[in-house]
Amino acid sequence: MLNELLSDHGALALALALGGMLAAGFAKGVVGFALPMIAISTIGSVLPAPLAVAAIIGPAVITNIWQTFRQGLGAAWESLRRFWLLNLVMFGAIGVTAQLVTVLSEAALFAILGIGVCGFALIQLLGLRMPRPSPRRLKIVEACVAMVAGFFGGLSGVWGPPILMYFMALELPKVEMVRAQGVSFLLGSMILVAAHLRSGLLLGEGGQLSALMVLPAMAGMALGLMVQDRLDQARFRKATLIVLVIAGANLLRRALTV
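For the sequence shown, the working numbering begins at 855 and goes up steadily by one.
What the hints contain is simulated information worked out from the structure, not anything from laboratory work. Heads up, a few of these hints could be off.
Claimed, not checked - Here are the computed distance ranges between Cβ atoms for each label pair:
1. Ala865 - Arg983: 42 to 48 Å
2. Val950 - Arg1089: 34 to 40 Å
3. Gly1054 - Lys993: 33 to 39 Å
4. Arg986 - Leu866: 45 to 51 Å
5. Arg983 - Arg935: 24 to 30 Å
6. Leu866 - Val1081: 24 to 30 Å
7. Thr1111 - Leu992: 42 to 48 Å
All C-beta atoms, glycine included, are put in the ideal place defined by N, C-alpha and C.
Take the sequences, apply the hints, and build the full model.
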(Lines of atoms letter the chains of each structure in order from A and count residues from 1; the text may use other names and numbers.)
(Lines give C-alpha, C1' and ligand atoms only; values in the text may rest on other atoms or scores of the structure.)
Protein backbone atom coordinates (compact mmCIF):
# COMPACT_ATOMS: atom_id res chain seq x y z
CA MET A 1 0.00 0.00 0.00
CA LEU A 2 2.63 2.54 1.08
CA ASN A 3 5.06 1.62 -1.69
CA GLU A 4 2.39 2.15 -4.35
CA LEU A 5 1.44 5.56 -2.99
CA LEU A 6 5.09 6.58 -2.70
CA SER A 7 5.87 5.56 -6.26
CA ASP A 8 2.82 7.37 -7.67
CA HIS A 9 3.03 10.64 -5.71
CA GLY A 10 6.44 10.87 -4.03
CA ALA A 11 7.60 10.86 -0.41
CA LEU A 12 7.30 14.64 0.09
CA ALA A 13 3.68 14.84 -1.06
CA LEU A 14 2.73 11.87 1.12
CA ALA A 15 4.55 13.28 4.17
CA LEU A 16 2.82 16.65 3.74
CA ALA A 17 -0.55 14.90 3.40
CA LEU A 18 0.05 12.92 6.61
CA GLY A 19 1.14 16.10 8.40
CA GLY A 20 -1.98 17.88 7.19
CA MET A 21 -4.18 15.11 8.56
CA LEU A 22 -2.33 15.23 11.92
CA ALA A 23 -3.02 18.99 12.10
CA ALA A 24 -6.66 18.42 11.11
CA GLY A 25 -7.12 15.84 13.88
CA PHE A 26 -5.52 18.19 16.40
CA ALA A 27 -7.92 21.01 15.47
CA LYS A 28 -10.91 18.66 15.81
CA GLY A 29 -9.71 17.61 19.27
CA VAL A 30 -9.40 21.24 20.40
CA VAL A 31 -12.53 22.85 18.90
CA GLY A 32 -14.69 19.85 17.84
CA PHE A 33 -14.74 20.53 14.09
CA ALA A 34 -12.61 21.57 11.06
CA LEU A 35 -10.99 18.18 10.32
CA PRO A 36 -12.44 17.93 6.78
CA MET A 37 -11.71 21.58 5.89
CA ILE A 38 -8.11 21.48 7.09
CA ALA A 39 -7.47 18.04 5.61
CA ILE A 40 -9.01 18.80 2.22
CA SER A 41 -7.09 22.10 2.05
CA THR A 42 -3.69 20.66 2.92
CA ILE A 43 -3.98 17.32 1.11
CA GLY A 44 -5.60 18.97 -1.91
CA SER A 45 -2.55 21.22 -2.17
CA VAL A 46 -0.21 18.28 -2.80
CA LEU A 47 -2.39 15.49 -4.24
CA PRO A 48 -5.10 15.27 -6.94
CA ALA A 49 -8.54 16.50 -5.85
CA PRO A 50 -10.31 13.09 -5.99
CA LEU A 51 -7.57 11.54 -3.82
CA ALA A 52 -7.86 14.40 -1.33
CA VAL A 53 -11.60 13.73 -1.00
CA ALA A 54 -10.94 10.01 -0.55
CA ALA A 55 -8.26 10.67 2.08
CA ILE A 56 -10.61 12.33 4.57
CA ILE A 57 -13.37 9.71 4.52
CA GLY A 58 -11.81 7.02 6.76
CA PRO A 59 -10.54 9.51 9.35
CA ALA A 60 -13.91 11.28 9.34
CA VAL A 61 -15.76 8.07 10.22
CA ILE A 62 -13.40 7.08 13.05
CA THR A 63 -13.05 10.52 14.68
CA ASN A 64 -16.80 11.18 14.40
CA ILE A 65 -17.59 7.90 16.19
CA TRP A 66 -15.26 9.09 18.94
CA GLN A 67 -16.94 12.53 19.12
CA THR A 68 -20.51 11.21 18.90
CA PHE A 69 -20.39 8.69 21.74
CA ARG A 70 -18.25 10.56 24.29
CA GLN A 71 -21.42 11.22 26.37
CA GLY A 72 -22.88 7.77 25.77
CA LEU A 73 -25.35 6.09 23.45
CA GLY A 74 -28.48 7.61 25.06
CA ALA A 75 -27.30 11.20 24.56
CA ALA A 76 -26.34 10.47 20.95
CA TRP A 77 -29.79 8.96 20.30
CA GLU A 78 -31.49 12.07 21.72
CA SER A 79 -29.52 14.30 19.30
CA LEU A 80 -30.41 12.01 16.40
CA ARG A 81 -34.11 12.06 17.35
CA ARG A 82 -34.22 15.85 17.68
CA PHE A 83 -32.52 16.56 14.35
CA TRP A 84 -33.91 13.67 12.30
CA LEU A 85 -34.98 15.88 9.36
CA LEU A 86 -31.62 17.63 9.13
CA ASN A 87 -29.77 14.33 9.04
CA LEU A 88 -32.20 12.61 6.67
CA VAL A 89 -32.06 15.35 4.02
CA MET A 90 -28.28 15.73 4.36
CA PHE A 91 -27.89 11.94 4.11
CA GLY A 92 -29.76 11.86 0.79
CA ALA A 93 -28.03 14.93 -0.67
CA ILE A 94 -24.55 13.57 0.08
CA GLY A 95 -25.43 10.23 -1.49
CA VAL A 96 -26.56 11.92 -4.73
CA THR A 97 -23.85 14.56 -5.17
CA ALA A 98 -20.98 12.22 -4.19
CA GLN A 99 -21.44 10.41 -7.50
CA LEU A 100 -20.31 13.57 -9.32
CA VAL A 101 -16.77 13.45 -7.86
CA THR A 102 -15.57 10.96 -10.47
CA VAL A 103 -17.38 12.81 -13.30
CA LEU A 104 -16.33 16.43 -12.74
CA SER A 105 -12.99 17.69 -14.02
CA GLU A 106 -10.17 18.19 -11.53
CA ALA A 107 -10.31 21.95 -12.12
CA ALA A 108 -14.02 21.99 -11.26
CA LEU A 109 -13.42 19.94 -8.11
CA PHE A 110 -10.61 22.23 -6.94
CA ALA A 111 -12.87 25.25 -7.58
CA ILE A 112 -15.72 23.73 -5.54
CA LEU A 113 -13.33 22.78 -2.73
CA GLY A 114 -11.75 26.24 -2.71
CA ILE A 115 -15.07 28.11 -2.74
CA GLY A 116 -16.48 25.89 0.01
CA VAL A 117 -13.47 26.09 2.34
CA CYS A 118 -12.76 29.78 1.73
CA GLY A 119 -16.40 30.85 1.90
CA PHE A 120 -17.34 28.96 5.05
CA ALA A 121 -14.13 29.99 6.84
CA LEU A 122 -14.67 33.67 5.95
CA ILE A 123 -18.28 33.57 7.17
CA GLN A 124 -17.18 32.23 10.54
CA LEU A 125 -14.12 34.50 10.73
CA LEU A 126 -16.26 37.60 10.13
CA GLY A 127 -18.66 36.46 12.84
CA LEU A 128 -21.67 36.33 10.51
CA ARG A 129 -24.50 34.36 12.09
CA MET A 130 -27.68 32.87 10.80
CA PRO A 131 -30.73 34.53 12.40
CA ARG A 132 -32.69 32.30 14.73
CA PRO A 133 -35.51 30.71 12.67
CA SER A 134 -39.06 31.10 13.90
CA PRO A 135 -40.74 27.91 15.19
CA ARG A 136 -43.15 28.00 12.23
CA ARG A 137 -40.31 27.93 9.67
CA LEU A 138 -37.88 25.79 11.64
CA LYS A 139 -38.28 22.59 9.59
CA ILE A 140 -38.07 24.46 6.26
CA VAL A 141 -34.84 26.18 7.32
CA GLU A 142 -33.49 22.89 8.66
CA ALA A 143 -34.15 21.14 5.35
CA CYS A 144 -32.50 23.96 3.36
CA VAL A 145 -29.41 23.89 5.60
CA ALA A 146 -29.22 20.12 5.17
CA MET A 147 -29.38 20.41 1.38
CA VAL A 148 -26.54 22.96 1.27
CA ALA A 149 -24.47 20.84 3.66
CA GLY A 150 -25.17 17.69 1.64
CA PHE A 151 -24.25 19.34 -1.67
CA PHE A 152 -20.82 20.43 -0.45
CA GLY A 153 -20.41 17.27 1.61
CA GLY A 154 -20.95 14.95 -1.32
CA LEU A 155 -18.48 16.79 -3.54
CA SER A 156 -15.80 17.76 -1.05
CA GLY A 157 -16.37 15.85 2.20
CA VAL A 158 -16.97 19.20 3.95
CA TRP A 159 -20.52 19.52 5.29
CA GLY A 160 -19.92 20.80 8.81
CA PRO A 161 -20.00 24.63 8.48
CA PRO A 162 -23.68 25.06 7.45
CA ILE A 163 -24.72 22.65 10.20
CA LEU A 164 -22.55 24.47 12.75
CA MET A 165 -24.11 27.81 11.74
CA TYR A 166 -27.60 26.33 12.14
CA PHE A 167 -26.84 24.93 15.61
CA MET A 168 -25.37 28.28 16.65
CA ALA A 169 -28.57 30.02 15.46
CA LEU A 170 -30.55 27.68 17.72
CA GLU A 171 -28.23 28.68 20.61
CA LEU A 172 -27.62 25.08 21.66
CA PRO A 173 -25.56 24.57 24.82
CA LYS A 174 -21.91 23.80 23.98
CA VAL A 175 -21.94 20.13 25.05
CA GLU A 176 -25.17 19.43 23.18
CA MET A 177 -23.94 21.27 20.09
CA VAL A 178 -20.68 19.30 19.93
CA ARG A 179 -22.62 16.03 20.36
CA ALA A 180 -25.23 16.96 17.73
CA GLN A 181 -22.42 17.93 15.35
CA GLY A 182 -20.80 14.57 15.98
CA VAL A 183 -24.03 12.72 15.11
CA SER A 184 -24.49 14.65 11.86
CA PHE A 185 -20.82 14.33 10.95
CA LEU A 186 -20.88 10.58 11.62
CA LEU A 187 -23.98 9.96 9.53
CA GLY A 188 -22.57 12.08 6.73
CA SER A 189 -19.26 10.23 6.74
CA MET A 190 -21.04 6.85 6.72
CA ILE A 191 -23.10 7.69 3.62
CA LEU A 192 -19.95 9.11 2.04
CA VAL A 193 -18.24 5.73 2.50
CA ALA A 194 -21.18 3.93 0.86
CA ALA A 195 -21.44 6.49 -1.95
CA HIS A 196 -17.74 6.34 -2.80
CA LEU A 197 -17.57 2.58 -2.67
CA ARG A 198 -20.24 2.80 -5.35
CA SER A 199 -18.46 5.58 -7.30
CA GLY A 200 -15.17 3.67 -7.09
CA LEU A 201 -13.29 6.48 -5.34
CA LEU A 202 -12.56 4.29 -2.30
CA LEU A 203 -11.44 1.34 -4.37
CA GLY A 204 -7.73 0.93 -5.03
CA GLU A 205 -5.47 3.89 -4.28
CA GLY A 206 -8.20 6.09 -2.74
CA GLY A 207 -9.13 3.46 -0.17
CA GLN A 208 -5.48 2.79 0.64
CA LEU A 209 -4.80 6.48 1.26
CA SER A 210 -7.96 6.84 3.36
CA ALA A 211 -6.93 3.92 5.59
CA LEU A 212 -3.41 5.32 5.93
CA MET A 213 -4.79 8.67 7.15
CA VAL A 214 -6.73 7.19 10.08
CA LEU A 215 -3.73 6.91 12.42
CA PRO A 216 -2.49 10.53 12.14
CA ALA A 217 -6.07 11.79 12.47
CA MET A 218 -6.60 9.84 15.71
CA ALA A 219 -3.19 10.83 17.06
CA GLY A 220 -3.89 14.49 16.32
CA MET A 221 -7.35 14.35 17.90
CA ALA A 222 -5.99 12.67 21.04
CA LEU A 223 -3.36 15.39 21.36
CA GLY A 224 -5.98 18.09 20.78
CA LEU A 225 -8.24 16.67 23.51
CA MET A 226 -5.27 16.58 25.92
CA VAL A 227 -4.49 20.28 25.47
CA GLN A 228 -8.10 21.43 24.93
CA ASP A 229 -8.40 23.19 28.28
CA ARG A 230 -4.91 24.71 28.14
CA LEU A 231 -5.39 26.65 24.90
CA ASP A 232 -7.34 29.85 24.34
CA GLN A 233 -10.01 28.26 22.14
CA ALA A 234 -11.23 31.57 20.71
CA ARG A 235 -7.74 32.52 19.50
CA PHE A 236 -7.00 29.01 18.25
CA ARG A 237 -10.28 28.93 16.34
CA LYS A 238 -9.56 32.33 14.78
CA ALA A 239 -6.06 31.29 13.75
CA THR A 240 -7.46 28.06 12.27
CA LEU A 241 -10.01 29.99 10.20
CA ILE A 242 -7.35 32.41 8.88
CA VAL A 243 -5.24 29.45 7.77
CA LEU A 244 -8.30 27.91 6.10
CA VAL A 245 -9.00 31.10 4.11
CA ILE A 246 -5.41 31.02 2.81
CA ALA A 247 -5.64 27.29 2.07
CA GLY A 248 -8.98 27.75 0.30
CA ALA A 249 -7.46 30.50 -1.85
CA ASN A 250 -4.64 28.10 -2.77
CA LEU A 251 -7.19 25.50 -3.89
CA LEU A 252 -8.79 28.14 -6.12
CA ARG A 253 -5.34 28.88 -7.55
CA ARG A 254 -4.94 25.18 -8.34
CA ALA A 255 -8.32 25.21 -10.09
CA LEU A 256 -7.02 27.90 -12.43
CA THR A 257 -3.70 26.19 -13.12
CA VAL A 258 -4.72 22.52 -13.53
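Checked hints:
no.: 1; hint: Ala865 - Arg983: 42 to 48 Å; verdict: holds (44 Å)
no.: 2; hint: Val950 - Arg1089: 34 to 40 Å; verdict: holds (39 Å)
no.: 3; hint: Gly1054 - Lys993: 33 to 39 Å; verdict: holds (35 Å)
no.: 4; hint: Arg986 - Leu866: 45 to 51 Å; verdict: holds (47 Å)
no.: 5; hint: Arg983 - Arg935: 24 to 30 Å; verdict: holds (26 Å)
no.: 6; hint: Leu866 - Val1081: 24 to 30 Å; verdict: holds (28 Å)
no.: 7; hint: Thr1111 - Leu992: 42 to 48 Å; verdict: holds (44 Å)
Every hint, counting from the list given before, is met by this structure.
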